[in-house]
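Quick mapping for you: the protein sequence lines, in order, are chains H and W.
Note that the UniProt record's numbering has the first sequence beginning at 1, numbered continuously upward.
Note that the UniProt record's numbering has the second sequence beginning at 1, numbered continuously upward.
It cannot be assumed that every hint is accurate.
[Said to hold, decoys possible] Computed far set for chain H versus chain W, every beta-carbon distance over 10 Å: (1) Lys81; (2) Arg85; (3) Arg88; (4) Arg337; (5) Glu343; (6) Pro398; (7) Asp399; (8) Lys404; (9) Lys454; (10) Glu468.
[As the list claims (entries may be wrong)] Below are the PhoX-like pairs computed for lysine-lysine, each with C-alpha atoms no more than 20 Å apart in a straight line: (11) Lys16(W) to Lys420(H); (12) Lys430(H) to Lys404(H); (13) Lys322(H) to Lys36(W); (14) Lys430(H) to Lys454(H); (15) Lys32(W) to Lys286(W); (16) Lys32(W) to Lys322(H); (17) Lys322(H) to Lys250(W); (18) Lys16(W) to Lys443(H); (19) Lys322(H) to Lys246(W).
Hints are computed from structural coordinates only; laboratory data are not their basis.
Cβ coordinates follow ideal geometry from the N, Cα and C atoms, glycine included.
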Amino acid sequence: MLEYAPAPESRSVVQIAPSYGLFIDGDFTPGKDVFKTINPASEEVLSEVALGSPEDVDRAVAAARRAFETWSARPGSERAKYLFRIARIIQERSRELAVLESLDNGKPIKESRDVDLPLVAAHFFYYAGWADKLPYAGFGPSPRPLGVAGQVIPWNFPLLMLAWKIAPALAAGNTVVLKPAETTPLSALFFADICRQAELPPGVVNIVTGAGDTGRYLVEHPDVDKVAFTGSTEVGRQIARSVAGTGKRLTLELGGKAANIVFDDAPIDQAVEGIVNGIFFNQGHVCCAGSRLLVQESIAEQLLASLKRRMSTLRVGDPLDKNTDVGAINSAAQLARITELSEIGTEEGAERWSPECSLPDRGFWFAPTIFTGVTQAHRIAREEIFGPVLSVLTFRTPDEAIEKANNTPYGLSAGIWSEKGSRILAVADKLRAGVVWANTFNKFDPTSPFGGYKESGYGREGGRHGLEAYLA
Amino acid sequence: MSDLRSLLHGLPGVDKVGVEARAAALGTRSVKTTAKAQAIDLAIRMVDLTTLEGADTPGKVRALSAKALRPDPADPTCPPVGAVCVYPAMVPVAFDVLKGSGVHLASVATAFPSGQAPLDVKLADTRDAVAGGADEIDMVISRGAFLAGDYTKVFDEIVAVKEACGPAHLKVILETGELATYDNVRRASWLAMLAGADFIKTSTGKVPIAATLPVTLVMLEAVRDYRAQTGRQVGVKPAGGIRTTKDAIKYLVLINETVGDDWLSPDWFRFGASSLLNDLLMQRTKLTTGHYAGPDYFTLD
Numbered sequence: 001m002l003e004y005a006p007a008p009e010s011r012s013v014v015q016i017a018p019s020y021g022l023f024i025d026g027d028f029t030p031g032k033d034v035f036k037t038i039n040p041a042s043e044e045v046l047s048e049v050a051l052g053s054p055e056d057v058d059r060a061v062a063a064a065r066r067a068f069e070t071w072s073a074r075p076g077s078e079r080a081k082y083l084f085r086i087a088r089i090i091q092e093r094s095r096e097l098a099v100l101e102s103l104d105n106g107k108p109i110k111e112s113r114d115v116d117l118p119l120v121a122a123h124f125f126y127y128a129g130w131a132d133k134l135p136y137a138g139f140g141p142s143p144r145p146l147g148v149a150g151q152v153i154p155w156n157f158p159l160l161m162l163a164w165k166i167a168p169a170l171a172a173g174n175t176v177v178l179k180p181a182e183t184t185p186l187s188a189l190f191f192a193d194i195c196r197q198a199e200l201p202p203g204v205v206n207i208v209t210g211a212g213d214t215g216r217y218l219v220e221h222p223d224v225d226k227v228a229f230t231g232s233t234e235v236g237r238q239i240a241r242s243v244a245g246t247g248k249r250l251t252l253e254l255g256g257k258a259a260n261i262v263f264d265d266a267p268i269d270q271a272v273e274g275i276v277n278g279i280f281f282n283q284g285h286v287c288c289a290g291s292r293l294l295v296q297e298s299i300a301e302q303l304l305a306s307l308k309r310r311m312s313t314l315r316v317g318d319p320l321d322k323n324t325d326v327g328a329i330n331s332a333a334q335l336a337r338i339t340e341l342s343e344i345g346t347e348e349g350a351e352r353w354s355p356e357c358s359l360p361d362r363g364f365w366f367a368p369t370i371f372t373g374v375t376q377a378h379r380i381a382r383e384e385i386f387g388p389v390l391s392v393l394t395f396r397t398p399d400e401a402i403e404k405a406n407n408t409p410y411g412l413s414a415g416i417w418s419e420k421g422s423r424i425l426a427v428a429d430k431l432r433a434g435v436v437w438a439n440t441f442n443k444f445d446p447t448s449p450f451g452g453y454k455e456s457g458y459g460r461e462g463g464r465h466g467l468e469a470y471l472a
Numbered sequence: 001m002s003d004l005r006s007l008l009h010g011l012p013g014v015d016k017v018g019v020e021a022r023a024a025a026l027g028t029r030s031v032k033t034t035a036k037a038q039a040i041d042l043a044i045r046m047v048d049l050t051t052l053e054g055a056d057t058p059g060k061v062r063a064l065s066a067k068a069l070r071p072d073p074a075d076p077t078c079p080p081v082g083a084v085c086v087y088p089a090m091v092p093v094a095f096d097v098l099k100g101s102g103v104h105l106a107s108v109a110t111a112f113p114s115g116q117a118p119l120d121v122k123l124a125d126t127r128d129a130v131a132g133g134a135d136e137i138d139m140v141i142s143r144g145a146f147l148a149g150d151y152t153k154v155f156d157e158i159v160a161v162k163e164a165c166g167p168a169h170l171k172v173i174l175e176t177g178e179l180a181t182y183d184n185v186r187r188a189s190w191l192a193m194l195a196g197a198d199f200i201k202t203s204t205g206k207v208p209i210a211a212t213l214p215v216t217l218v219m220l221e222a223v224r225d226y227r228a229q230t231g232r233q234v235g236v237k238p239a240g241g242i243r244t245t246k247d248a249i250k251y252l253v254l255i256n257e258t259v260g261d262d263w264l265s266p267d268w269f270r271f272g273a274s275s276l277l278n279d280l281l282m283q284r285t286k287l288t289t290g291h292y293a294g295p296d297y298f299t300l301d
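Could you put together the complete structure from these sequences and hints?
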């Protein structure tokens with residue numbers, strides 16, 4: 001047996017301050033109240049951050065409003081220079097940011113290093129390129145920015161979601177107030193430092209940390225012109241309600257319960273990789289995760305045997321170890337939800353299986369899990385679990401696969417596995433999902449629009465389409 | 001044999017993008033300290049130390065064989081390699097040095113590297129090598145016949161060579177660089193195994209594209225699935241282009257996470273290589289002494 005020795009990435013590449021204030025108008029200012037952010041893999045406190053109050057949000061929005069006048073008046077080529085500069089600094093500091101992201105979020109370093117950070121830089125590079133070409137984006141000859149954008153992002157890809165929100169907003173000439181998630185505020189605060197390093201004019205980017213209430217003040221603030229939210233469908237609904245009738249523009253990127261459909265002519269070994277990547281990537285904390293496996297009945301047994309064998313090689317543990325495949329669950333609350341829904345799965349009669357794996361004593365952990373014998377009537381087939389839990393369903397014909405795949409209130413993503421090109425195109429055409437992957441899963445690119453159907457939200461992020469949300 | 005054809009074409013397809021991504025992902029595994037030391041010694045034991053040149057002489061082959069027995073004269077704890085691999089004409093020379101040592105003697109036969117010779121010539125080539133003392137035969141398949149869809153011809157040749165091998169182990173070289181697609185690699189792997197191969201091997205080292213991680217991954221999946229179906233275990237040998245310890249370790253990771261322990265042994269996995277050995281020795285010395293020794297501290301045969 002070839003046992004890999006521990007290969008921890010060095011923590012010393014990142015210096016976390018004992019406390020952080022709010023980044024408003026180009027400076028860090030202390031908040032009245034504070035809260036702690038912890039490393040979910042050890043429950044160790046990483047830092048104390050400010051809990052943004054309504055007054056703090058007022059100051060941040062006012063700063064963004066003041067900065068908007070000059071920022072939006074700059075030629076696109078000038079705004080592009082700042083974005084290019086930010087992108088380059090992100091690349092230069094990518095190792096530091098990757099370690100930070102793994103510490104605060106719990107995701108394995110190989111993902112923050114090889115997926116998150118390269119994509120973050122790519123998003124800034126991509127939208128930097130658009131800044132001086134907006135008249136050619138297809139939204140009229142002289143599209144204008146909206147004003148101040150209030151942006152609220154989730155904890156699953158903290159820095160990447162920040163990039164998805166801030167890069168197009170700034171390229172289009174808007175200024176922003178961004179609230180990072182309560183459990184993962186640190187990379188946004190490091191990004192604030194990058195803005196200063198890039199000499200971005202004060203007020204163009206403001207970071208207000210806090211909890212749900214802080215986010216609510218921000219999206220309900222009367223001087224915010226545009227609200228962008230990524231997170232749960234439940235909160236998305238509240239935001240849509242509060243924004244209704246105000247004239248604010250709104251984009252929502254919400255939950256998902258994606259079907260990953262494997263036909264009997266699929267490339268089996270790669271499909272198994274795709275299933276694993278679809279549900280265990282980032283501990284399943286992915287809104288577009290392939291959390292429902294729909295497998296053709298004729299190959300179900302063989303495929304599940306391969307999947308179980310493959311799952312047995314997953315390495316769960318220290319997120320900073322370079323060989324870790326599955327890291328820590330982001331918070332105690334999320335772990336409780338995953339645990340609860342899994343127990344419901346068992347109670348409802350689905351068969352639960354996890355590979356043998358020892359989990360660390362401290363921190364929040366959940367073994368990679370699959371449920372077989374799941375039907376559309378099971379709650380684990382309908383509700384978003386947002387964890388490393390896969391529900392396996394079977395189908396007999398392509399029509400049945402499509403019907404089951406679409407039979408969900410969500411519609412963010414889907415996957416199709418088949419060696420037959422005509423089938424892939426025909427099925428993709430009928431899936432009601434914003435993204436359909438063929439013979440791959442969880443592939444992202446700044447040039448490709450991303451967003452949902454139905455209760456997965458509206459509006460698109462990424463690509464030329466992503467600019468529309470920030471232009472009038 | 002239309003059965004053979006439908007069997008080979010009924011194997012699941014291989015998605016090129018997916019298999020290359022998987023191989024690249026496994027290539028990022030970090031194998032350090034104790035794990036690296038263990039991997040290096042295992043890799044040394046898996047080397048088929050090879051010389052296949054027109055310029056090979058008895059002197060060269062004797063030197064290479066001596067090195068196979070004692071790769072690092074300065075360090076008696078260094079294990080011997082798995083085998084020496086030479087042309088049939090050089091088999092008796094190598095045999096003199098290796099006999100009784102436990103280091104295997106492999107010989108390429110069957111009109112290596114092109115395979116473009118009549119069957120009786122190939123069989124005579126094989127019998128000669130075995131008679132000279134080779135206990136492993138590396139044969140090439142007729143890629144021409146394979147690409148023309150004449151699977152029966154390829155199958156029958158392998159069966160005939162296997163018979164000519166007698167007790168010697170048969171490694172079947174697919175020359176994956178000429179088969180071009182991963183689907184072909186999977187089919188050729190199954191074809192060779194069904195015909196009786198003890199090992200399947202990627203390449204001759206004589207065409208521009210030799211062993212790659214994704215090709216080896218496809219072959220490992222094939223031996224895994226073949227054993228699951230038939231109960232018979234077949235070995236895998238990537239050959240050509242593997243030059244560094246870093247590369248070799250990536251292959252070991254591939255075995256570890258695709259087929260597991262059962263193949264992590266020189267009985268079931270070999271590296272066809274020549275310059276790889278010195279890099280393994282250099283890294284081994286670095287691990288034990290803490291510093292790199294210059295190339296002149298390692299023998300050049």
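Right, here's what the structure says about each hint:
The beta carbon of Lys81(H) is kept farther than 10 Å from every beta carbon of chain W, the shortest such distance being approximately 34 Å. Taking the minimum C-beta to C-beta distance to chain W, about 29 Å, the non-interface status of Arg85(H) holds against the 10 Å cut. No Cβ of chain W comes within 10 Å of the Cβ of Arg88(H); the nearest lies about 24 Å off, and the non-interface call holds. Interface exclusion of Arg337(H) from chain W stands, the closest Cβ pair being 29 Å apart, more than 10 Å.
The non-interface label for Glu343(H) is consistent with chain W: the shortest C-beta to C-beta separation is roughly 31 Å, beyond 10 Å. Pro398(H), annotated as away from the interface, keeps every beta carbon of chain W farther than 10 Å; the closest lies near 18 Å. Listed as outside the interface, Asp399(H) is consistent with that label: its C-beta sits roughly 23 Å from the nearest C-beta of chain W, beyond the 10 Å cut-off. Even its closest Cβ contact with chain W, about 23 Å, leaves Lys404(H) beyond 10 Å, as expected for a residue assigned away from the interface.
In this structure Lys454(H) is separated from chain W by more than 10 Å, as the shortest Cβ-Cβ distance comes to about 29 Å. The Cβ of Glu468(H) lies farther than 10 Å from every Cβ of chain W, with a closest approach of about 30 Å, so its non-interface assignment holds. Note on Lys16(W) and Lys420(H): the hinted pairing holds, with a Cα-Cα distance of about 14 Å set against a maximum of 20 Å. With a CA separation close to 12 Å, the supplied pair Lys430(H) and Lys404(H) stays within the 20 Å bound.
With a CA separation close to 15 Å, the supplied pair Lys322(H) and Lys36(W) stays within the 20 Å bound. Taking the CA atoms of Lys430(H) and Lys454(H), the gap is near 15 Å; set against the 20 Å cutoff, the hint holds. As the CA atoms of Lys32(W) and Lys286(W) are separated by approximately 12 Å, the hinted pair is consistent with the 20 Å bound. Between the alpha carbons of Lys32(W) and Lys322(H) the distance comes to roughly 11 Å, so the proposed pair stays at or under 20 Å and holds.
Only pairs whose Cα atoms come within 20 Å are accepted, and Lys322(H) paired with Lys250(W) is accepted, the gap being roughly 15 Å. Between the alpha carbons of Lys16(W) and Lys443(H) the distance comes to roughly 16 Å, so the proposed pair stays at or under 20 Å and holds. With a C-alpha separation of about 16 Å, the suggested pair Lys322(H) and Lys246(W) falls inside the 20 Å cut-off, and the hint holds.
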